[in-house]
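Chemist: Single-letter residue listing:
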Amino acid sequence: MTLRLDYRTLVEPVTERARRDPDRPSVVLIGEDGSEETVSAAQFLANAVDYAALLQAAGIRPRDIVILVMRHSKELLSALWGALYLGAIPSVFPFLSEKLDRALYVQQVRVLVAHCRARAVIAFPEFRPDLASLLEGVDCQVLATDVVRRRAAAEDPPPPHEATPDTIALLQHSSGSTGLQKGVALSHRAILNQVRSCGRAVALSEDDVIVSWMPLYHDGGLIAGCIIPLVTGVPLVLISPFHWVRDPKVLFQAVHRHRGTLTWLPNFAYNHCARNVRESDLAGVDLSRWRLVNAAEPARWDSHRLFVERFGRYGFKESALAVGYGMAEATLIVTATPVNESPHVDWVETRALQERLAVPAVPEAAGSTPMTSCGFPIEGAEIGIVDDEGHRLPERRVGEIVVRASSLFSGYYLRPDLDAKVLRDGWYFTGDMGYLAAGQLYVPGRKDDLIITGGKNIYPNDLEAIANEVPGVRPGRAVAFGVPDPRLGTDEVVMVCELSGSAGPEETRRIESELRRRIAQQTEVTLHDVRLMHGPWLIKTSSGKLAHAANREKYLREQGRP
Amino acid sequence: MNAQEMRDRLRDFVCSELLRKPDYPLAADEPLITGGLIDSFSLAQIGVFVEDAFGVYVPDTDLTVANMDTIERMVICILKARS
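Chains as they are written, first to last, in the numbering used here: chain A, 598 to 1159; chain B, 234 to 316.
In isolation and in its complexed conformation, chain A is listed as follows:
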């Protein structure tokens, strides 16, 4: 049976399913202690309505922004759909990890509230005191999950807000001080277009079971691992990201136990799973029905190979590997590789690639680079490759990827100045560098200095601003960039800083520790390498700006890497 995909709002399918098929399982939540909770379609709607009532009682109205500061939980899903039910606009904030500094974390919530003029924050009770004092004097309420009132069975639920398809449904933010300013505003129409075309691209059917561990503040977790299943009615098995990170076997056991068929993973996850799942935890696991979509960061040929080598003996098929390319600004993906065939690998000359040419080369030879295909544009999406002046480039020429899609965002929330930089004539300028070959897209890197590590976008200037405050670092003389790490299957973050005084070895070590600690506690980034220089080292442009690419090349050269 095919899935119904012609809804007008995100709320419609959830209310309809609760009425038509109330006992059907919508979500299975796997707790960190291994416990499982199944939420039926009727219960899912009831939970959402309880949150809608909470927000309504607090005076929240349609189109108000509501920030969700909540860990992966049933409450988070309920609050998300509760806000949608009311017509308010939710945005999911990353949850506090054990590594982040709590005070700085709460401060970031305040920054986000200010940027998007949020009217409410929903948080777990333990955050109420911190947030309430921090948001004092701001027109934003702090609502804790423990004050949600269960609606009595006899009470009729209030009707959902009648959103029009072009109403903004939700905001997606990436982290860091730069990311918090860019609230990607997505309409119901854009999201439902994505659900439809992405669903077709990955051959989603009623027989599927989606298993996800990706965080809901990330487009992969929010759209692929939450909205697509809840809109289409495909059952969702949800694992906490923290749980998966520290123990990736939970994903395999969940796939086996729930006959999972589809999971979205950023590239580094293939390496993490292949290297860090204990053999003793895989006994009897059957992965023969499972297919994967590699998205959120460049797909690597060697990561796929590693994964198939490790899990092939558990029934995982190479043809079950797919790749997608996309970004939050297009809701999720704009290209995907065909189903039931492993992605095409295009071997190109490494040197020519640096000169923006994708010249076919001998596979697995020295001087050849494997480029994994991101596939063809999905329904409703168009891709172009343009040069620095915006002119179209032919196949096998590397340029900026531009996208036009029916799932494109409505703009950055309250930031038309940012829209003007990336939207031109209906085309979104992605900042990613890519080329087309035989109609398929390949993505060798970024045009700007954005670092993509572990599926997350990191703006180097956020890291550099932190370094500039570390005593001993010469202000304005710190640079951050990403360098590929084939073992991790992602870029690792490196910083080079010049020191202000003549620090001895002991002092230098103290500065490094302080820098690492501050970066970890404020941004969640772990610096792979820190170089502290006692003399001038950094390369700046003639206008005095940091030249990230040139500094990165200099670092790699000094490390003896190509």
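Among these hints, one or two may not hold up.
[To be verified] A few chain B residues facing chain A, derived, Cβ under 7 Å:
| id | residue |
| --- | --- |
| 1 | I266 |
| 2 | S273 |
| 3 | F274 |
| 4 | Q278 |
| 5 | V281 |
| 6 | V289 |
| 7 | P292 |
| 8 | D293 |
| 9 | L296 |
| 10 | N300 |
[Claimed, not checked] To list a few chain B residues with every Cβ distance to chain A over 12 Å, as calculated:
| id | residue |
| --- | --- |
| 11 | A236 |
| 12 | Q237 |
| 13 | R242 |
| 14 | R244 |
| 15 | K254 |
| 16 | A261 |
| 17 | L265 |
| 18 | V298 |
| 19 | A299 |
| 20 | E305 |
| 21 | I309 |
[Said to hold, decoys possible] Simulated DEER-style distance windows between Cβ atoms:
| id | chain 1 | residue 1 | chain 2 | residue 2 | range |
| --- | --- | --- | --- | --- | --- |
| 22 | A | P967 | B | A314 | 39 to 45 Å |
| 23 | B | A314 | A | A1144 | 45 to 51 Å |
| 24 | A | K1137 | B | K313 | 49 to 55 Å |
| 25 | A | P1133 | B | D256 | 24 to 30 Å |
| 26 | B | P255 | A | G631 | 45 to 51 Å |
| 27 | B | E250 | A | E992 | 40 to 46 Å |
| 28 | A | D985 | B | S249 | 41 to 47 Å |
Please keep in mind that the hints were generated in silico from the structure rather than gathered at the bench. Even glycine gets a Cβ: it sits at the ideal position worked out from N, Cα and C.
Fit chain B to the given chain A structure using the hints.
Modeler: Only chain B this time, still in chain A's reference frame:
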């Protein structure tokens, strides 16, 4: 294996495999994850190493930042799991 040997092998593993700086003078009480030296993904890797090297299965509920942030705490956690 006594606690001192375990500490030495863990330090070798952390410095050469996770930090990839075999000469790093890592102190047994130096915060690894909250100090920004290694990331949370290493927790799983430590679990695999401990099983391979010491034959001890640390349950995943114990593979937390609180239990694994220093070499000293890792040893305590492993000894507890072994007994």
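Chemist: Indicate, hint by hint, whether the structure satisfies it.
Modeler: Results for each hint:
| no. | hint | in the structure |
| --- | --- | --- |
| 1 | I266 | holds (6 Å) |
| 2 | S273 | holds (5 Å) |
| 3 | F274 | holds (6 Å) |
| 4 | Q278 | holds (5 Å) |
| 5 | V281 | holds (5 Å) |
| 6 | V289 | violated (12 Å) |
| 7 | P292 | violated (9 Å) |
| 8 | D293 | holds (4 Å) |
| 9 | L296 | holds (5 Å) |
| 10 | N300 | violated (10 Å) |
| 11 | A236 | holds (23 Å) |
| 12 | Q237 | holds (25 Å) |
| 13 | R242 | holds (18 Å) |
| 14 | R244 | holds (17 Å) |
| 15 | K254 | violated (9 Å) |
| 16 | A261 | holds (15 Å) |
| 17 | L265 | violated (10 Å) |
| 18 | V298 | violated (4 Å) |
| 19 | A299 | violated (7 Å) |
| 20 | E305 | holds (17 Å) |
| 21 | I309 | holds (17 Å) |
| 22 | P967(A) to A314(B): 39 to 45 Å | holds (41 Å) |
| 23 | A314(B) to A1144(A): 45 to 51 Å | holds (50 Å) |
| 24 | K1137(A) to K313(B): 49 to 55 Å | holds (52 Å) |
| 25 | P1133(A) to D256(B): 24 to 30 Å | holds (26 Å) |
| 26 | P255(B) to G631(A): 45 to 51 Å | violated (37 Å) |
| 27 | E250(B) to E992(A): 40 to 46 Å | holds (42 Å) |
| 28 | D985(A) to S249(B): 41 to 47 Å | holds (44 Å) |
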